[in-house]
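A.B. asks: The primary structure of each chain is shown beneath.
Number of protein chains: 2
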Amino acid sequence: MFVTYSQFQINHSMTQLPTFSDIKLAHDRVRPFIHLTPVLTSMSINEIVGAELYFKCENLQKVGAFKFRGACNSVFALTEEEARNGVCTHSSGNHAAALALAARMRGIPAYIVMPNNAPEIKKKAVSGYGAQITFCEPTLTARESTLMKVAALTGATEIHPYNCFNVICGQGTAAKELIEEIGPLDIVMAPVGGGGLLSGTSISAKALLPGVQVIAAEPAGADDAFRSFQSKTLLPSVDPNTMADGLLTSLGTLTFPIIMNNVDQIVTVSEEKIVEAMRMIWERMKIIIEPSSAVPLAAILENKLVVKGKKIGIILSGGNVDLGKLPF
Amino acid sequence: MFVTYSQFQINHSMTQLPTFSDIKLAHDRVRPFIHLTPVLTSMSINEIVGAELYFKCENLQKVGAFKFRGACNSVFALTEEEARNGVCTHSSGNHAAALALAARMRGIPAYIVMPNNAPEIKKKAVSGYGAQITFCEPTLTARESTLMKVAALTGATEIHPYNCFNVICGQGTAAKELIEEIGPLDIVMAPVGGGGLLSGTSISAKALLPGVQVIAAEPAGADDAFRSFQSKTLLPSVDPNTMADGLLTSLGTLTFPIIMNNVDQIVTVSEEKIVEAMRMIWERMKIIIEPSSAVPLAAILENKLVVKGKKIGIILSGGNVDLGKLPF
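Chains A and B, in that order, give the protein sequences. Reminder that position 240 of the first sequence reads as 436 in my numbering, one-by-one numbering, no gaps. Reminder that position 216 of the second sequence reads as 412 in my numbering, one-by-one numbering, no gaps.
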């Protein structure tokens, strides 16, 4: 039923995993289209935690999330012939908006399968970027079968939100920019959901800073990556329960081996500390982040790792929150 | 009772007004202590307004406001002998925190007179930076007389929040950075309260971009700068009523003539548009700004100036808001 890491190593001997060279290529490809997001620091948060934190602000990326990097790389990596038929995916979140915008920038169609109970604001964002939405029942089976039909009908290329070579390479450009700007770091942190951001981040960090520790943070209420990492077996996310709604998904067959190869530690955090970290960043740094982005700082506040005196880079993954539904 | 602009020109013939050379000196002085704040753009806001907007994010400055630039310049411009006795001011807002932090950075005392009804959070911020607070009755007379006593007792140098040569020079460094980063702009905008930010901004903009228009925006409920500008007479702010609580004060004897010399237009905006602009920046740019910062974009949304196709720099003045009391 479950696939272990050693089985992966064998199964994937034929499957190409991305390297830092692929991330460099991706960076050259997406550079004209993405925001070079700022790296911010906060004197007062540094004093609280006793370390130097460097926040890479992907909440300030286009569509408000790092997802635009991976979507953009995937869209612009298509051949002219592939591109003509467009791209498709099923998503109710940031990946849908990111793919829709990237496709619009290349001038090709985007077909997005969304559950019919997706929030109005997400539907509007995606259709606002000119994508064609197909609604389906809110089950994974319905989403996958509807996407298969859409792909068959249109010939569009499916772009998976995280378990996809070009998506992972695109996401890795954020950590690359962070390290190129700040220089040596002792630790690089990212939240983990499906593992696309963490995979790309870990490849860039290990290539650019050989002695660095890559540490992922995950909500205790959605700890499938933590359990997979500990058991060296890809375990699915079962009934996840966390306000960090970007981190509900399971790792994938591509992201799992990359994480096993490159990540030093995965730590889990409580919902209480996620709210505390989120509020701390809003109040002290004056930027809007979504709960998923707060998870690495939450891990530090919860003393899940030794940070005293260290230089730590943190990827803030996104800033898409409903201002009418804040947890504080 | 009121002083007209021509009287000012005579009265101030002996008073030195800051020039761009002074702002360059200020910039060299404060550079090691301030954040080089990012300039952000939003594709979706550009599409809405039909112009290219470049937002200089002073909400991401230390203490969450541009005020730190002026306070820092004033503190570090003191001679060793002056510095020994520290600095003082009366303020219940961002200037108090900014002065306290700047003084702490130089290792000198800061004495802050605050009304006893100031919000707890402001008192905490100021004392957190190590300043010594003297409380007084919440009237201007009490604040001024208490400050005189404090200054007499300590020998501290008073740093006025805006009507002060070195403060104005410090505030002008934000527009200087903006223009140095982005290059030519058709219009530069800032909100106007006491006029410190607007004065510094206008000097930098006119020096670096000879053809530029400098346009200030002010809440209609606190339109003393607008009326002063129209009548060429320094008129006080009377019973101002606006949520933009950074813009309640009157222009000063230094800021008024600078503004008369350098500003092309002052426009007023409704409270409704301030909320709309503030929410637009929160939602689309993922940054936290206070209502005062939203006033220039509000003027654009209210069609108070012709922006079509133009490149416009906007100083976002600060991000200190009470998350428990949002206007949306």
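It should be emphasised that the hints constitute simulated quantities derived from the structure, not laboratory data. Please read these numbers as outputs of a predicted model, since none were measured by experiment. Mixed in with the good hints, there may be bad ones.
Said to hold, decoys possible - Computed list of lysine to any residue pairs in SDA-like fashion (alpha-carbon distance at most 25 Å, straight line):
(1) A/Lys507 <-> A/Lys521
(2) B/Lys318 <-> A/Trp478
(3) A/Lys318 <-> B/Ile244
(4) A/Lys521 <-> A/Asp435
(5) A/Lys521 <-> B/Glu468
(6) A/Lys319 <-> B/Glu376
(7) A/Lys319 <-> B/Asn242
(8) A/Lys504 <-> A/Arg480
(9) B/Lys318 <-> B/Asn242
(10) B/Lys220 <-> B/Met439
(11) B/Lys320 <-> A/Ile244
(12) B/Lys318 <-> A/Lys506
(13) B/Lys506 <-> A/Met301
(14) B/Lys318 <-> A/Lys504
(15) B/Lys318 <-> A/Val471
(16) A/Lys521 <-> A/Asp441
(17) A/Lys506 <-> A/Tyr250
(18) B/Lys318 <-> A/Asp441
(19) A/Lys521 <-> B/Phe524
(20) B/Lys320 <-> A/Arg475
A.B. asks: List, from low to high, the hint numbers that the structure doesn't satisfy.
C.D. replies: The structure breaks hints 1, 6, 9, 10, 12, 14 and 18; every other hint is satisfied.
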